[in-house]
Amino acid sequence: MPTKLRNLVQKEEMLSGGHRLCAGCGASVAVRQVLLGAPDNIQMVIGNPTGCLEVSTTIYPYTSWNTSFIHSAFENAASTMSGVEAAYQSMKAQGKIDEDYRFVVFAGDGGTYDIGFQALSGALERGHKMVYVCYNNEAYMNTGIQRSGATLRGSWTTTSPHGKESFGKKENRKDMTLIAAAHNIPYVAQASISHWKDLIRKSRKAFEADGPAFINVLSPCHRGWRYPPEKTVEVAKLAVQSCIWPLYEVENGKWKLTTKVRYKESIEEYMRMQGRFAHLFKPGNEEVLADLQQYIDREWQKLLERCGEEIEDL
Amino acid sequence: MVVTKNTVALIGTDAVAEAMRQINPDVVAAYPITPQTAIVETFSQMAADGIVKTNFVAVESEHSAMSAAIGAAAAGGRVMTCTSSQGLGFMWELLYIASGLRLPIVMPNVNRALSAPINIHCDHSDSMGARDSGWIQLFSENAQEAYDNTLQATRIAEHPDILLPVMVQLDGFIISHAVDRLELIHDDIAREFVGELHPAYSLLNSSKPASVGNFDSLYGYFFEFKQQQEEGMRNALQVIQEVGKEFGKATGRSYGLFEPVGMDDAEIAIIALGSACGTVRSEIECMREAGIPIGMIKLRSFRPFPAAELVRVLEGVKVVAVMDRSDSFAGGMGGPVFMELRSALYDMPNKPQVINYIYGLGGRDLSIELTQKVINDLEEIAGGKEVQQKVNYLGLREGEE
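The listed protein sequences derive, respectively, from chains Y and W. Counting from 1, position 312 in the first sequence corresponds to residue 312 in the working numbering; the numbering is continuous, with no gaps. Counting from 1, position 204 in the second sequence corresponds to residue 204 in the working numbering; the numbering is continuous, with no gaps.
Be careful, since some hints might not be right.
Within a straight-line C-alpha distance of at most 20 Å, the following computed PhoX-like cross-link-like pairs (lysine-lysine) qualify [unchecked claim]:
1) LYS390/W to LYS373/W
2) LYS249/W to LYS5/W
3) LYS96/Y to LYS249/W
4) LYS351/W to LYS318/W
5) LYS208/W to LYS96/Y
6) LYS264/Y to LYS302/Y
7) LYS373/W to LYS318/W
8) LYS282/Y to LYS164/Y
9) LYS53/W to LYS92/Y
10) LYS256/Y to LYS302/Y
11) LYS197/Y to LYS4/Y
12) LYS208/W to LYS92/Y
Treat the hints as calculated values from the structure; they're not laboratory data. These figures come from a predicted structure and were not determined experimentally.
All chains, full assembly: derive it from the sequences and hints.
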């Protein structure tokens, strides 16, 4: 089915408006785009770890989710959903239920890269049929902008502040999409809310996969990244164009670049848009910026190689 | 001793696995830990052989075991897990979530000491740490009771007036790894007794979708939820007895909140949990033959704590020794059972004196000699000797650095 807006607008949405997420929040955009890729006429259970999305969409006695929902704790969204899926498989096999269900987790980078890492790895290894979506905003936003394993080197957060002895976060981020791919699950993808067609296509593939699927979606947070709320999509787009957040998929072990970058932007324009990097443009931090550009270039080359693309001459 | 065709010799973990086979849960999610491991091994084999319908989920940790159990129970499945010691510790935050979401999960816990120093043997510090987590806790004296309690736990947990998770305690190694003689129930009788699960809610019912684990803000209902949990726990005092009686009708083995032994005319008494009751019972029988008015209370239900019922049975008793297989590290307040019992006795007009013996930590044996020492102390106090020390450490090494 072609991914056309005129078709998508007719689809019933699972996340209703009126939730309490900030205006300009990337997370709700990610959720809506992913769910637009879900198959029609199928029941769904949505799971969240503790986080912005959860506290903003399920304020008792209300819910924004037009379907069954479960949250239990912060680090266990994947294992909680493992249990839901296991019960479904068991009861379905025993003939106790006859409806068809699909299972989706939306977790932030805290609940995915860091505290929820073990539960996610276990769930992927065991092969539970679920779509696990990381809405990645590169820090713990729900508790007020603290560094995570997804935070870029040099970034300011409240637990990696810059100061006389610090240029912000010292360490670089880990490559969670690569780590998910190393579990040899049927479908892994990296996506961005700025590229909605690409994300919806990936979501479709994730739902079609015969086993676990993992999508890492860049979902900017203006509160944490320090840019005006109306720039969320623009910021996400620049992350893709500067190769800070390349878009690709790993389908049954085959790597494929899904969005080619014709004119690779330098990271500077992207970083200048955001207050979290402002300190890096003050004298004395030139080396950090240069290091960061080198790191992005190196990672981009590696990705091109994995995807069988021509290596660029830098 | 009557031997029937249902009489078997099993280690405690296999007795529990046998109860799990008969319960036939939709999902079991568990992680191995000594001394519980044999339960997951035996049950995995049952699943592999297709003699249970269970989806056995071999999770990567106890944290995920309880998380998956929560998910599966919220999905409307009948769910079990099992653990010990550090495993229970690792589950800690989820214990509160399981009870808060009113999910009737049943979990045999093979009691083992908590580190450090690391020790794989029996004491009750693991489950006592979960005292306030909103789980019903039933203790077992032997493999027979571990088996019987596991079957009853399902009924108790799923009772509409309760809807709380249940932990079935059995002492590590002493019960879990010792071969014991027990009576199994015929599969048909066991299944009829356990019955079908009718979940209070389910994620997998599209005509009635559920939202589980919502965020309760400052102006929400958190306080009411918690008070309702306590009501469920109070209701359990009645339901545990009803289910125990019904179990008795089906099997000839009735259960209550505790078992009084020789308490009708007792002037001195010992209260204990778990396998220690076997040692205490045999010593008490000898003493009673010698004319000493001593009794024993084998506490089965630690949560809910049967305070009023214990007060009634202790009427006329002069001294009670409370045997605690764990410490509360409260700086001289004694072990958890001691603290609970003293609190329960506070309003009693002619209350007995209560002394505490902390014993058997890290699996140290409770010998006949040590039990005799407790009884000697009780006799002396009943005879008028002043209590030297309220909280005693029984069986500590002496004269060693």
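Status of each hint after checking the structure:
1. LYS390/W to LYS373/W: 15 Å, holds
2. LYS249/W to LYS5/W: The hint holds at about 19 Å.
3. LYS96/Y to LYS249/W: It is violated: about 30 Å lies between the C-alpha atoms, which goes past 20 Å.
4. LYS351/W to LYS318/W: It holds: about 8 Å lies between the C-alpha atoms, which stays within 20 Å.
5. LYS208/W to LYS96/Y: 16 Å, holds
6. LYS264/Y to LYS302/Y: 15 Å, holds
7. LYS373/W to LYS318/W: Holds, because 17 Å separates the two Cα atoms, which is no more than 20 Å.
8. LYS282/Y to LYS164/Y: Judged against 20 Å, a Cα distance of about 12 Å means the pair holds.
9. LYS53/W to LYS92/Y: Cα-Cα ~11 Å, so holds.
10. LYS256/Y to LYS302/Y: 13 Å, holds
11. LYS197/Y to LYS4/Y: Status holds; Cα separation ~8 Å.
12. LYS208/W to LYS92/Y: 18 Å, holds
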